[in-house]
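Q: The task is to assemble the complex, starting from two chains supplied on their own in separate frames and drawing on the hints.
Heads up: the sequence lines are chains A and B, in that order.
Mapping of the first sequence onto the working numbering: residues 115 to 610, in sequence order.
Mapping of the second sequence onto the working numbering: residues 21 to 425, in sequence order.
These aren't lab readings, by the way, just hints derived from the structure by calculation.
Hints are supplied without guarantee of correctness; some may be wrong.
As the list claims (entries may be wrong) - Capping the alpha-carbon separation at 35 Å, the derived lysine-lysine pairs in DSBU-like fashion look like this:
| # | chain 1 | residue 1 | chain 2 | residue 2 |
| --- | --- | --- | --- | --- |
| 1 | A | K219 | B | K141 |
| 2 | A | K222 | B | K141 |
| 3 | A | K221 | B | K423 |
| 4 | A | K472 | B | K141 |
| 5 | B | K371 | A | K219 |
| 6 | B | K163 | A | K222 |
| 7 | A | K187 | B | K423 |
| 8 | B | K371 | A | K221 |
| 9 | A | K187 | B | K163 |
| 10 | B | K163 | A | K472 |
Bear in mind that the values here come from a model prediction, so they are computed numbers and not experimental data.
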Amino acid sequence: MIRMPEPDQQVLARRGEIIAALRRIVPGEGVVENENELRAFECDGLTAYRQLPMIAVLPSTTAQVAEVLRYCKANNIRIVPRGAGTSLSGGAMPLADGILLGMGKFKKILEIDLPNRCAVVQPGVTNLGISQAVRGQGLYYAPDPSSQIACTIGGNVAENSGGVHCLKYGLTTNNVIGVEIVTLDGEIIRLGGKHFDGPGYDLLGALVGSEGMLGVVTEVTVRLLPIPPTARALMIGFPSVESAGDCVAAVIAAGIIPGGMEIMDKLATEAAEAFVHAGYPLDVAALLIVELDGCAAEVDHLVAAVEHIATQHQAVSCRASTSEEERLLFWAGRKAAFPAVGRISPDYYCMDGTIPRKRIAEVLRRMTEMEQTYGLRVANVFHAGDGNLHPLILYDANRPGELQRAEDFGADILRLCVEVGGVLTGEHGVGVEKRDLMPTMFNETDLAQQQALKCAFDDAGLLNPGKVFPQLCRCAELGRMHIHGGKLPFPELERF
Amino acid sequence: MTLYQPGDAAELAAIISASASSGETLSISSGGSKRRLGRHAPTAATLDLSRITGIIDYEPAELVLTARAATPLAEIEGLLASRRQMLAFEPPDWRALLGHTGEPTLGGVLACNQSGPRRLKAGAARDHFLGFSAVNGRGEIWKAGGRVVKNVTGYDMCKLQAGAFGTLSALTEVTIKVMPRPETARTLLLPVTDATAALTLMSAALNTPHEISAAAYLPAAVLARSRVSGALPAGNGLVALRLEGPAPSVAHRTDALEATFGTAARLVDGDSSTLWAEIGAVRPLLGNAAIVWRLNPTPSRAVQLLHALAGQFASASFFLDWGGGQIWAGLEPAQAGPDAGATAIRAALAKTGGHATLFAAPDELRAQIDVFEPLSPALAALTQRVKQGFDPLGILNPRRMYKEF
Chain A
115 MIRMPEPDQQ VLARRGEIIA ALRRIVPGEG VVENENELRA FECDGLTAYR
165 QLPMIAVLPS TTAQVAEVLR YCKANNIRIV PRGAGTSLSG GAMPLADGIL
215 LGMGKFKKIL EIDLPNRCAV VQPGVTNLGI SQAVRGQGLY YAPDPSSQIA
265 CTIGGNVAEN SGGVHCLKYG LTTNNVIGVE IVTLDGEIIR LGGKHFDGPG
315 YDLLGALVGS EGMLGVVTEV TVRLLPIPPT ARALMIGFPS VESAGDCVAA
365 VIAAGIIPGG MEIMDKLATE AAEAFVHAGY PLDVAALLIV ELDGCAAEVD
415 HLVAAVEHIA TQHQAVSCRA STSEEERLLF WAGRKAAFPA VGRISPDYYC
465 MDGTIPRKRI AEVLRRMTEM EQTYGLRVAN VFHAGDGNLH PLILYDANRP
515 GELQRAEDFG ADILRLCVEV GGVLTGEHGV GVEKRDLMPT MFNETDLAQQ
565 QALKCAFDDA GLLNPGKVFP QLCRCAELGR MHIHGGKLPF PELERF
Chain B
21 MTLYQPGDAA ELAAIISASA SSGETLSISS GGSKRRLGRH APTAATLDLS
71 RITGIIDYEP AELVLTARAA TPLAEIEGLL ASRRQMLAFE PPDWRALLGH
121 TGEPTLGGVL ACNQSGPRRL KAGAARDHFL GFSAVNGRGE IWKAGGRVVK
171 NVTGYDMCKL QAGAFGTLSA LTEVTIKVMP RPETARTLLL PVTDATAALT
221 LMSAALNTPH EISAAAYLPA AVLARSRVSG ALPAGNGLVA LRLEGPAPSV
271 AHRTDALEAT FGTAARLVDG DSSTLWAEIG AVRPLLGNAA IVWRLNPTPS
321 RAVQLLHALA GQFASASFFL DWGGGQIWAG LEPAQAGPDA GATAIRAALA
371 KTGGHATLFA APDELRAQID VFEPLSPALA ALTQRVKQGF DPLGILNPRR
421 MYKEF
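This is chain B alone, in the form it adopts within the complex (with noise of 0.2 Å):
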């Protein structure tokens, strides 16, 4: 397997050029820390684009910051940290649940459209993409956005680079948006019976006007998984809400929270983050399924989705975050099938509306199952042509995320 370095965008757009030229497939990837996420598809080549890493601008006052894309995630949040600044929406550490201990970066969260827990209040990663350089299949390097915040110049680009996992151009320089860090974190636990219960407990919290941050529901059973459930209460589940900012809002929301849905187990600082983090990284579920999916419902009918589920996996485990909005579901293959339980999954999702991927699964079982959601015939016909916008010959991640290009 042929290995290429480049040091620059110049170095790369070479490459890519010359690959294109030779009908050469490349998989894109820097730390590798999601490279098993999406189809598994063997290229003939794999671009490493390590080296095109290092962080431009900071500016803390205009809420932006350019790296390049290489540029390690820990270093980025490291540099925020120290000024009181943050990713608002909080990308989680997949490398447990991927199986890769590889190091993320801010390319490829940006590529993965990658979100955490705070996605439901701050919006995704999309929503903090201002600007990028990259180089596209025909190895020509190119632009879109800018270096502010506010902008409408051109077609909106970057969304679409987030979240085509690499398949468009290979990004060579990002530019974000970066916003001021929570004065304090605190979050409040509710004991629930079960997850109707949950749901509509969430759901009465988020249209308050108390403005929750994170809001996730975790069954008796996944609870007993996190690091911190020695300072949760016992019970069947609970709902766990975090409200974030000034120390006085603070206090206040809680206090309102708590005089219409009861008392709640707080945690506060540390074990607020750790349990957070635990939620984004998917943690409850690790070493308990070897096969795990994300599922994307209509978040009012998240119930209506697991009760089909459980009618088809007696003993999958599961929790929700997003308000309801998302579903880590982890199964066992000899449950789940041949299909990866697929078939009965998106048979499910097609009454409640929404949609599922395929997250963590071996390489044989990514490689013939649809990881993400297939798409209607129009939607990937256009698909298609877009693709063929960027990476005609089809060199770039190709099969990374549907089986046709």
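The following block holds chain A by itself, in its conformation from the complex (with noise of 0.2 Å):
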């Protein structure tokens, strides 16, 4: 049960009015008004929810930003920004009330600067495309989340974007080092660039994962990393999730930081053979699959040292990959694990908490538990050298009540994951999806303090209202840091 702040019907009522205006701001095709062309921006990859937006705008340039934000904020209008709609938890859903304000015409790339390795970019270039466009001098852009062929760097930004790498390269804001932003005044602002540690406060760290509700990306500065000149895979076989997760620990307690460290379990590997045909053996409980990478002296040395250490974890079978091809086929398995699973399931639902790594058996443990609870099974694949899990409940959206139920599963796994020192997401989001979550985590006045971050940014509350907190509070009582004079009302959402 998701609840979205109630429209304002003084906003809707002026629709056409709005639309003529912003027509002034964006001319020609850049402002949305059909509800057939709407309809395309009416859900991010958080399928389950829906919403048609009132006016959909798509400027070109960061002063139309500028104009649109300025005359939202003198008219009191939502904005919801938008970048592919990727996001999984529901970052980027429309407001019946709200301009969907999406950067999809912010393509270009503005500068590869070599010497200092960076690249500038517009918002709307995808994460692959980064890397794509500097691939011939040697370089890449690391964070890789599994989208990466649509979702867009502004989106990363404002998600905090993870992927298989990060445990070695980071997030997004690792190596994110300077943004253009536009807030929700119109000023157009620079944090950080191409130097070192900005002066003052670390501003661009905390834009970085605000998704989308401290001011709107126009232009991104990432930092990038030569190509890593050799990368090899191991995969390997255990008797229990338990043993893997032991070997991982090992792994790291050894001092070895793999590329990427992943463990699927047993439901979740034999969708994948079935699907890909990757060899994965479907006689263990956990594959592990570590990659390794750097120069070749250092990849056949550590691959040497993983071997052993999964010897002495009772690991029932090893392979390491002796070419690329053979190396992106044990991969090729995992990075279709979700679609794998949709090939068993008619819908499944994907989860992202994060839990500390020696908490895993216990943990799974209690989701076998819970699947008997919900009647609903659970494919588990998880980034396992940081402990962030994502379990994927099977259920049929056309049986009533089992989305629901989907739901109430993914709840209580996330509240398992607070419940032993983890987090409530690890690298989508909290959104609409985790947002009546937080309280879990975090109490009222930890809430509060982050509500004054974005009251500093956005004291009208206008930008992307209805995502991370569960309650909205209104500024100027927060001055006095007690929220519950500022709960407004949600009326229920349409669902689908």
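A: In structure tokens form, the structure reads like this:
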């Protein structure tokens, strides 16, 4: 049950006037008002929640963005920024009385700066597009969310996106060094840049992962890394997920930080193997894929070290890739795990909690118990190095009540993550999906302090309201740090 | 001057709450080693957090450590070393630079986003800051982040606290990401004729996939003051490149770099770590200049900045770290003038991009001059609104960062 801020009837009543005003700012096809065309924006990657925006605006210049935001602030109109719409947490879910601000026209790579190993790009450039643009120079952009073909760097900044390589190379926040943003006041501000550690408060650090609630990103400067000369993958089978988890801990304790380290449970392994025929062993309870990258001398040395550790942790099978084709084959199943699970179930719901890795066996045991309680199965894939779980809850939306059961199950899994010392989301963001679970991790003071930051950027509460925080509060009241007076009523959201 | 010494977060909250009621301004301190970093802005009382100490949890295999904020850095680093781990951002020892002998603490390192030579490859202190508990300027205990290495739940308040110099909240407990200590380290020393050649070399080397973990340029004049100078080749100056990792990897990468950039002298083990500790501590400039600036230009434009400064301050001594992204510059007071050189330095930086911090200078100068780079009007207004959201009465380290608040 997700409730969104109640639509402002006064704004809705002025729709025609607002469209005319926006057309003066963004001429031509940049203002979308037709219902059929608006349908394209009705949801993001969290497809269970849908809502048509009042209007979509697709600006193509920073000046237009600034003018749109100024107009919205002056007229008390809510704004939901959107990149490619791949968010899995509903970060770009529209509002019935809001403007959907699509940044898809900001597609230019503005500068590739080799001496400083960075690139300056517009926010609508895709994550993979950056790496492709600099591959010829032997460089790449490290964070690699699984949606990297489609997702944009602007959306990555909003969500602080991760990927399989982030244990070694960091999340978006560790690889973005500068942004240009437009504030709700229409001011254009630069945070960070090509230099190290900008002066003053690290507002760049606060902006990354702020889920589109602090400002609209109009330019991004990313750090580029030289492509590792070699990468090899190991595919290791274990008789239990616990022994696979122990092996991961031992690898790290031995001082090795692999480029990627992924575990799949039996159900996920079987689904992936049936889909892509990667040669995964089907007689194991858990499959661990470890990728080591660097110079050949280092990779060969570490492959031997990891093989040795695996044999000490009950590994029942172990193969190291000997060619690039084989390495990619090992990964093919893991990378196709989500669609593979989609083949064995009409629908699935992807969760994203992080736990201390040492609690993995207990968490999996309790999830198995929950499977009984909810009558739904779970396939597990996880970024094992950093304890980031992606349980995939299998359900059938056509069966009455199953979506609700899947969501309740998911919420229980996330509560369990917090209970064992983990967090609600490792890389997908809070959005609308986990918004109402925030009080399991944070008390009223913690949340009020976060909202005080929001108020410094957006005191009118117009940028992406209804996301992240379970209760909206008015900034003037926040000054007293008590938010019970600030609760706003939420209507039921239409659901499909 | 009033001195408060709370023993835990609850006592701290009570003190700050009382100070908020009376408008009493507070200087936050524990070991005091960085008391002379930032603007000189005396307060009515000192909040000494040094009793809020002790390591709470350390899980080497989880790569996380949780400690009370005033835990001595030496205690943390000792424990990490015993498990062959480290703080990858290599916090430097600035005590000699800042003229103070106090004990550096983990909270202080994070509050000042204090990062050393490996910042080039491993990121800054802020990149390793995972979660915390703190008391804000209203005397309320609050927390953010988590105790796991991967977390995007809510705004990333750790980044905001790192480098806020205690002006937003007083940290009481922090969780950091720790990393394995490299099995071996080796520093290659390549002779260069001048800063231009040094910068070209560093940029080319950092564009190779050989994973250089630190890159510095030391002109001859400052080289002579290194404790390892006996092990260094003579010449105009040296570029130092550090390689870390498993022994076969370091050997391979050494060969690869030498094949491209020529034969290099090598520092290993103790000499290598001594050199980089000196660079982090700015030791090559100590005793030679009363005023020390830290300049962070766009790395490729460091030479342009140096040329601009050479015109103004002929006898300035300097060296480069972070592949040119950090210049430490020492000035004589007479040469620097009444503004410690701020006007000339910042005019030069306006052309190259980046920012400058007045690091070591007498209190009187740090009371008058903008220690941190002045912000644009829009950014300054935003910064002040952020400050008010945490400390509306302006009692936590007021005017430590900016004259106005």
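Q: Against this structure, judge whether each hint is valid.
A: To see whether the hints hold, each was checked on the structure:
Proposed proximity of K219(A) and K141(B) is supported: the alpha carbons are some 33 Å apart, at most 35 Å. For a cut-off of 35 Å, the pair hint linking K222(A) to K141(B) stands: about 28 Å separates their Cα positions. Simply put, K221(A) and K423(B) have alpha-carbon atoms about 41 Å apart, too far for the 35 Å limit, and the pair is violated. The straight-line distance between the Cα atoms of K472(A) and K141(B) is roughly 29 Å, inside the 35 Å bound, and the hint therefore holds.
Restraint check: the Cα-Cα separation between K371(B) and K219(A) comes to about 31 Å, which is no more than 35 Å; the hinted pair holds. Distance hint between K163(B) and K222(A) is unfulfilled; the C-alpha atoms sit about 39 Å from each other, more than 35 Å. Annotation: proposed proximity of K187(A) to K423(B) holds, straight-line Cα distance about 31 Å (limit 35 Å). Between K371(B) and K221(A) the CA atoms are separated by roughly 28 Å; this keeps the pair inside 35 Å, and the hint holds.
At roughly 31 Å between alpha-carbon atoms, K187(A) and K163(B) fall within 35 Å of each other, so this suggested pair holds. Taken as a hint, the K163(B) and K472(A) pair is honoured in the structure, with Cα atoms around 23 Å apart against an allowance of 35 Å.
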